[in-house]
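Input sequences plus hints: build the corresponding full structure.
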Amino acid sequence: QQQVKQSPQSLIVQKGGISIINCAYENTAFDYFPWYQQFPGKGPALLIAIRPDVSEKKEGRFTISFNKSAKQFSLHIMDSQPGDSATYFCAAGDYKLSFGAGTTVTVRA
Amino acid sequence: DVKVTQSSRYLVKRTGEKVFLECVQDMDHENMFWYRQDPGLGLRLIYFSYDVKMKEKGDIPEGYSVSREKKERFSLILESASTNQTSMYLCASRIRTAKTYEQYFGPGTRLTVT
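Same order as they appear, the protein sequences are chains A and B. Sequence positions in the first sequence follow my numbering and run 1 to 109. Sequence positions in the second sequence follow my numbering and run 1 to 114.
FYI, nobody ran anything at the bench for these hints, they're computed from the structure. One or more hints might be untrue.
Straight-line C-alpha distance at most 30 Å; calculated DSBU-like pairs for lysine-lysine [to be verified]:
1) B/Lys70 / A/Lys42
2) A/Lys42 / B/Lys99
3) A/Lys96 / B/Lys71
4) A/Lys42 / B/Lys57
5) A/Lys57 / A/Lys96
6) A/Lys15 / A/Lys42
7) B/Lys13 / B/Lys57
8) B/Lys57 / B/Lys71
9) A/Lys57 / A/Lys71
10) B/Lys3 / B/Lys18
11) B/Lys18 / A/Lys42
12) A/Lys42 / A/Lys58
13) A/Lys96 / A/Lys71
14) A/Lys71 / B/Lys99
15) B/Lys53 / A/Lys42
16) B/Lys57 / A/Lys58
17) A/Lys57 / A/Lys68
18) B/Lys70 / A/Lys96
19) B/Lys99 / A/Lys57
20) B/Lys18 / B/Lys57
21) A/Lys42 / B/Lys3
22) B/Lys18 / A/Lys96
23) B/Lys70 / A/Lys68
24) A/Lys5 / B/Lys18
25) B/Lys70 / B/Lys55
26) B/Lys55 / A/Lys96
27) B/Lys99 / B/Lys53
28) A/Lys58 / A/Lys71
29) A/Lys71 / B/Lys57
30) B/Lys55 / A/Lys5
31) B/Lys3 / A/Lys71
32) B/Lys3 / A/Lys58
33) A/Lys68 / A/Lys5
34) A/Lys5 / A/Lys15
35) A/Lys57 / B/Lys3
Partial list, computed: chain B residues near chain A (C-beta under 10 Å) [stated by the list, open to error]:
36) Gly40
37) Pro61
38) Tyr64
Here the structure is a predicted model, which means the values were calculated and not measured. We put the CB at the ideal spot given by N, CA and C, even for glycine.
So, in structure tokens, the structure goes:
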């Protein structure tokens, strides 16, 4: 049973647009909510992460919004660029992570 | 810069073979992980090692075993490979600290079992 549910499975966005990926988790004991970015042929790499005591975190064009009561969090990619085309995974947990199924983002020039 | 390396990028094995996947990290990390990545399922944890000779089952350990004799090396073993173990295998490591749970991933080994 997947503890972290991620949607959509894929999305296409125009250059300069906003990409939004959503995740929902089950376990209220989870303490750490990262997003990983994976390019073809590479392993995932940490993009941005948030702890449950914060409702939003921004790093450059990437923002995590976190809703503890709803057990949901999302990744917003502002001003999407072709170089952002990748697969994005949300995760939740602590020293062990449960990952979502992944979202393939395609940014059209 | 953290580096996690995996012994093979691509591997083709026959059903019933014993398969070893090797992972090495160069940052003296205590924790190491093995995941498998399948389309539509994301990353699923197979085994976790929190230190040398210490291991813990993940969510899908059936058909796999692991070995951690040295801190920098974590091996995944398929005792008798089956076609349903065809997958991408990812190794990761992290340093045991209260400040971050960040995991660093290797490039993956794509295993095909025929």
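Outcome of the hint check:
1. B/Lys70 / A/Lys42: Holds. B/Lys70 to A/Lys42 sits at ~25 Å (cutoff 30 Å).
2. A/Lys42 / B/Lys99: Holds. A/Lys42 to B/Lys99 sits at ~26 Å (cutoff 30 Å).
3. A/Lys96 / B/Lys71: With Cα atoms ~18 Å apart, A/Lys96 and B/Lys71 stay inside 30 Å; holds.
4. A/Lys42 / B/Lys57: holds, 25 Å
5. A/Lys57 / A/Lys96: This hinted pair holds, its Cα atoms lying about 22 Å apart.
6. A/Lys15 / A/Lys42: The given pair, whose Cα atoms are some 23 Å apart, holds under the 30 Å limit.
7. B/Lys13 / B/Lys57: Distance of about 24 Å is within 30 Å: holds.
8. B/Lys57 / B/Lys71: Judged against 30 Å, a Cα distance of about 18 Å means the pair holds.
9. A/Lys57 / A/Lys71: With a Cα-Cα distance of about 16 Å, the restraint between A/Lys57 and A/Lys71 holds, given a limit of 30 Å.
10. B/Lys3 / B/Lys18: holds, 27 Å
11. B/Lys18 / A/Lys42: Since the Cα atoms of B/Lys18 and A/Lys42 sit roughly 26 Å apart, the hinted pair holds (cutoff 30 Å).
12. A/Lys42 / A/Lys58: Holds: A/Lys42 and A/Lys58 sit about 25 Å apart, inside 30 Å.
13. A/Lys96 / A/Lys71: Judged against 30 Å, a Cα distance of about 18 Å means the pair holds.
14. A/Lys71 / B/Lys99: holds, 22 Å
15. B/Lys53 / A/Lys42: Roughly 28 Å separates the two Cα atoms, so the pair holds.
16. B/Lys57 / A/Lys58: Roughly 35 Å between the alpha carbons, so the hint for B/Lys57 and A/Lys58 is violated.
17. A/Lys57 / A/Lys68: Judged against 30 Å, a Cα distance of about 14 Å means the pair holds.
18. B/Lys70 / A/Lys96: holds, 21 Å
19. B/Lys99 / A/Lys57: holds, 16 Å
20. B/Lys18 / B/Lys57: holds, 20 Å
21. A/Lys42 / B/Lys3: Distance of about 13 Å is within 30 Å: holds.
22. B/Lys18 / A/Lys96: holds, 27 Å
23. B/Lys70 / A/Lys68: With a Cα-Cα distance of about 40 Å, the restraint between B/Lys70 and A/Lys68 is violated, given a limit of 30 Å.
24. A/Lys5 / B/Lys18: Violated, at about 34 Å.
25. B/Lys70 / B/Lys55: holds, 13 Å
26. B/Lys55 / A/Lys96: holds, 13 Å
27. B/Lys99 / B/Lys53: Answer holds: B/Lys99 to B/Lys53 is near 25 Å, not above 30 Å.
28. A/Lys58 / A/Lys71: This hinted pair holds, its Cα atoms lying about 19 Å apart.
29. A/Lys71 / B/Lys57: holds, 26 Å
30. B/Lys55 / A/Lys5: Holds, because 27 Å separates the two Cα atoms, which is no more than 30 Å.
31. B/Lys3 / A/Lys71: violated, 33 Å
32. B/Lys3 / A/Lys58: Cα-Cα ~26 Å, so holds.
33. A/Lys68 / A/Lys5: holds, 15 Å
34. A/Lys5 / A/Lys15: Given pair A/Lys5, A/Lys15 holds - Cα atoms ~27 Å apart, limit 30 Å.
35. A/Lys57 / B/Lys3: holds, 27 Å
36. Gly40: holds, 6 Å
37. Pro61: violated, 13 Å
38. Tyr64: violated, 16 Å
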